[in-house]
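Chemist: Residue numbers (my numbering), protein chains in the order written: chain D, 1 to 390; chain B, 1 to 222.
The hints are simulated quantities; they were obtained by calculation from the structure and are not laboratory data.
Don't take each hint at face value.
As the list claims (entries may be wrong) - In silico lysine-lysine, BS3-like type, Cα no more than 25 angstroms apart, as pairs:
no., chain 1, residue 1, chain 2, residue 2
1, B, 37, D, 196
2, B, 37, D, 350
3, D, 341, D, 311
4, D, 258, B, 99
5, D, 184, D, 317
6, D, 341, D, 317
7, D, 73, B, 99
8, B, 120, D, 341
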Amino acid sequence: MTDLADRQKLSYIAAQAADARLNVELETEGMTLNIGPQHPATHGTLRIIVRLDGEQVIWAEPGAGYMHRGYEKLTEVRTFPQVTALVNRIDWLGSFANEVPFILAAEKLMDVEAPPRAQWIRTILFELSRIANVSLFLGDLGVQLGAITPVFMAFRDREYVLNLIESATGGRFHPNFDRIGGLKEDLPAGWITETKQVMKKLRNFCDEIENLLFGNEIFQSRLRGIGVIPAEVAKQYGLSGANLRASGVDWDLRRDQKLPLAYDKVDFKVWTHPDGDSFARCWIRLQETREATKIVDQLLEGIPSGSVMAKVPRIIKVPEGEAWVSTENPLGEMGYYVVSKGDLGPFRVKIRSASFNNISIVPWVLRGVYVPDVISILASLYFILGDIDR
Amino acid sequence: MSDTPSAPELVHDTTREGVVTAMRAALGEGLIDSMIKPNDDVWVRVSADAWQQAGRVLRDTVGCEYFCFLSAIDWLPSPYGRGEDDPTAPLPERDSTIKQGYTGGSTRMQVFARVTNLQKHFGVTIKADVPDSEPSIDSWVTVYAGANWHERECHEMFGIDFNGHPDLRNMYLPTDFEGYPLRKDFPLLARMVKPWPGIVDVELLPGDDADEPAVSIEGEPA
Numbered sequence: 001m002t003d004l005a006d007r008q009k010l011s012y013i014a015a016q017a018a019d020a021r022l023n024v025e026l027e028t029e030g031m032t033l034n035i036g037p038q039h040p041a042t043h044g045t046l047r048i049i050v051r052l053d054g055e056q057v058i059w060a061e062p063g064a065g066y067m068h069r070g071y072e073k074l075t076e077v078r079t080f081p082q083v084t085a086l087v088n089r090i091d092w093l094g095s096f097a098n099e100v101p102f103i104l105a106a107e108k109l110m111d112v113e114a115p116p117r118a119q120w121i122r123t124i125l126f127e128l129s130r131i132a133n134v135s136l137f138l139g140d141l142g143v144q145l146g147a148i149t150p151v152f153m154a155f156r157d158r159e160y161v162l163n164l165i166e167s168a169t170g171g172r173f174h175p176n177f178d179r180i181g182g183l184k185e186d187l188p189a190g191w192i193t194e195t196k197q198v199m200k201k202l203r204n205f206c207d208e209i210e211n212l213l214f215g216n217e218i219f220q221s222r223l224r225g226i227g228v229i230p231a232e233v234a235k236q237y238g239l240s241g242a243n244l245r246a247s248g249v250d251w252d253l254r255r256d257q258k259l260p261l262a263y264d265k266v267d268f269k270v271w272t273h274p275d276g277d278s279f280a281r282c283w284i285r286l287q288e289t290r291e292a293t294k295i296v297d298q299l300l301e302g303i304p305s306g307s308v309m310a311k312v313p314r315i316i317k318v319p320e321g322e323a324w325v326s327t328e329n330p331l332g333e334m335g336y337y338v339v340s341k342g343d344l345g346p347f348r349v350k351i352r353s354a355s356f357n358n359i360s361i362v363p364w365v366l367r368g369v370y371v372p373d374v375i376s377i378l379a380s381l382y383f384i385l386g387d388i389d390r
Numbered sequence: 001m002s003d004t005p006s007a008p009e010l011v012h013d014t015t016r017e018g019v020v021t022a023m024r025a026a027l028g029e030g031l032i033d034s035m036i037k038p039n040d041d042v043w044v045r046v047s048a049d050a051w052q053q054a055g056r057v058l059r060d061t062v063g064c065e066y067f068c069f070l071s072a073i074d075w076l077p078s079p080y081g082r083g084e085d086d087p088t089a090p091l092p093e094r095d096s097t098i099k100q101g102y103t104g105g106s107t108r109m110q111v112f113a114r115v116t117n118l119q120k121h122f123g124v125t126i127k128a129d130v131p132d133s134e135p136s137i138d139s140w141v142t143v144y145a146g147a148n149w150h151e152r153e154c155h156e157m158f159g160i161d162f163n164g165h166p167d168l169r170n171m172y173l174p175t176d177f178e179g180y181p182l183r184k185d186f187p188l189l190a191r192m193v194k195p196w197p198g199i200v201d202v203e204l205l206p207g208d209d210a211d212e213p214a215v216s217i218e219g220e221p222a
């Protein structure tokens with residue numbers, strides 16, 4: 001088996017040879033173009049340097065690190081309960097989802113399991129953060145391609161979800177609600193009825209976006225067949241979430257691993273798409289938002305009664321050991337490798353964030369595309385800067 | 001929880017035992033130690049020389065095609081503790097015994113990586129010791145293309161060289177930055193310029209003894 005990198009190298013050399021011939025014929029010169037760090041398409045501050053030959057990208061390199069906050073170092077001087085306040089800020093559109101894998105890792109080391117009610121509410125809030133996160137993607141996607149309306153619809157309907165998260169947790173963006181052993185508080189009265197209504201609104205939003213964007217001819221021609229990532233390459237780069245499923249890999253951590261969350265109690269479909277292009281990635285995210293509303297609806301029907309907090313000591317010391325827990329976050333696989341030495345705080349936390357891997361494929365996928373496609377491919381890969389730099 | 005703990009049943013996890021068997025067959029002496037938590041996770045430790053080959057075995061024989069992450073651990077206990085000392089006073093004496101985690105080790109720093117088998121739904125954590133004097137190890141870029149950025153990050157944060165890596169530029173820090181921030185002997189500068197106010201979020205309830213936690217670590221009332 002030839003190594004992937006070798007094959008990439010060969011195809012690159014071939015492409016360069018072809019370019020060189022073209023350059024001799026047309027007497028063109030290469031040009032280096034800087035995109036960002038402050039560019040609307042970069043969702044923050046990501047710099048992309050591309051070398052162009054005419055309209056074609058022959059080399060691309062993302063420059064991350066403008067938002068590096070050193071969370072891995074900071075966790076080492078925090079106690080376990082304090083870490084959730086930090087990791088909240090990694091993927092800031094789906095904050096609650098960042099807390100869950102860390103708390104689960106700590107619980108795994110302590111051999112504590114949250115009570116069933118806490119597990120259900122955790123799963124509901126997890127899916128609500130997914131909806132809040134991905135609905136903004138669906139709106140933003142339109143802006144990247146020149147359609148302004150969807151983003152207003154996205155902000156309008158995301159507001160309902162944020163209000164739900166706020167009324168349950170007290171925080172719109174950074175709930176910091178998950179605790180080792182359960183949750184901070186129980187749900188407020190009337191929350192379940194309200195959530196059901198909001199889920200209906202969100203399904204309408206998905207339909208609207210599907211009619212407005214996904215059926216649009218310009219949208220399709222800008223995304224179909226652009227930025228194709230084969231399954232084999234996607235797996236080697238560690239792409240996860242919708243990016244991986246859009247390449248036809250049927251892999252979803254909600255379904256494919258056993259965690260103390262309520263996903264095994266609900267019936268949901270894991271969508272995949274065989275194409276691996278930008279359109280497939282966007283389409284998968286649309287379907288996943290729909291699926292998430294259905295998961296929430298099903299979970300709301302049968303929340304078990306009881307406490308939301310297991311019996312844990314007030315001063316939490318986590319026994320010595322190592323644990324890896326990852327969950328299917330809005331952006332993809334997010335996991336924490338937690339090493340504890342039996343102390344109040346973790347000894348080392350490796351934060352595996354989805355966008356870091358998702359964006360590391362950019363030099364590969366941008367090679368050979370045209371300049372306008374750079375933006376649409378980056379939009380379809382969907383990254384959050386805090387999730388790259390940590 | 002029952003009062004008398006029954007003897008732990010010997011659980012066999014054929015999938016994860018298969019991983020260790022396959023790696024031992026392919027690497028021989030290169031596989032130093034392994035640890036299995038049945039139906040949960042598996043750790044293997046290989047020698048630094050076998051690191052790249054172990055990656056190939058994991059990818060081609062074990063079927064872990066999905067690259068999750070690669071990073072390193074510095075096992076030296078931090079001389080700064082949890083950064084709660086008075087920065088103006090001399091450092092207090094701290095135990096600096098290096099004790100490695102699962103699957104052991106003999107050096108201060110270890111690289112570790114995780115790869116996943118997407119068909120059979122399991123992951124493998126693989127570790128290797130890197131020499132203390134000149135920390136370096138073979139690159140995984142030719143095995144898993146995604147290791148590129150992870151190795152760059154690891155190089156910059158821990159100062160580990162990856163032989164055969166195409167481009168070990170810094171990702172986050174300025175090019176002329178000195179020191180390796182995630183090494184334990186690199187101080188957290190924010191805690192050096194201003195003393196940490198202390199753990200303020202543990203409040204005692206009326207009647208609690210300040211020295212004794214209200215509930216002991218095992219969850220039993222004290």
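Chemist: Going back to the hint list, which numbers does this structure go against?
Modeler: Hints 1, 4, 8 are the ones this structure does not satisfy, whereas the remaining hints hold.
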